[in-house]
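K.L.:
So the mapping is simple: my numbering equals the position in the sequence shown, first residue as 1, plus 1000.
Some clues are possibly wrong.
[Claimed, not checked] Estimated spans, in silico, between C-beta atoms of each pair: (1) Leu1067 to Pro1138: 27 to 35 Å; (2) Ala1035 to Leu1092: 57 to 65 Å; (3) Tyr1028 to Val1153: 31 to 39 Å; (4) Lys1065 to Ser1191: 20 to 28 Å; (5) Ile1169 to Glu1135: 39 to 47 Å; (6) Ser1184 to Leu1067: 21 to 29 Å; (7) Phe1078 to Asp1110: 47 to 55 Å; (8) Tyr1120 to Pro1185: 30 to 38 Å.
Hints were generated in silico from the structure; no laboratory data involved.
No residue lacks a Cβ here, since even glycine has one placed at the ideal position from N, Cα and C.
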Amino acid sequence: GLFSAAITGFIINSVQSLQPNPADQTAYYMQQGVAMLAQISQQISSIAPQVVIPLTPPPPFPTFKPLSSDIRVNAFWFMSLISSLSAALLALLVRQWVRNYMRAFEQYKDPLKRSRLRQYLHEGSERWYFCALAEAVPALLHISLFLFLAGLVDFNLNLNTTVAAYTIIPIGITGLFYVFTTLSPILNPQSPYQN
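Based on the provided sequences and hints, a complete structural model is requested.
P.N.:
Now the structure itself:
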């Protein structure tokens, strides 16, 4: 929830770079209006009335095309938000399913009926890959975080290279730590970083 809110704050700011700025259009047309007024003024102040200066309409406002880096940043951040919200939804669903699973046992006092029901539900949860779905929640959050960080690096690279360098260093250290803690259980079974 909190991570999704943070991502949304960044998206609100960055999505504005994907559409034309109305202030830019206003300034453009005001400049064109000034140019037209200057042209009219020349016609009026012309000494020879037979000399006609043609009045040309201003060219249209140039078509807006967002920068490819703005598109990439927004794509990273929207995918990050979707992944984060999906993790939150999946976590709520898993919690609900586990509660229902646990309530089913409370219906019966007889140990034999409880064990049969438990076995029946256990087989169903294995058949429907319940554990894999439950384990997908942290994976979705990891994906969301890395997509957000990729967008942050891309955003800062276009903003200022010094800021980007100071951003890339801690992100790189975090990424290396993540890779280390992920691979260490494979390399050493005694590693405390078991997933």
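K.L.:
Would you list, in rising numerical order, the hints stated earlier that this structure does not obey?
P.N.:
4, 5 and 6
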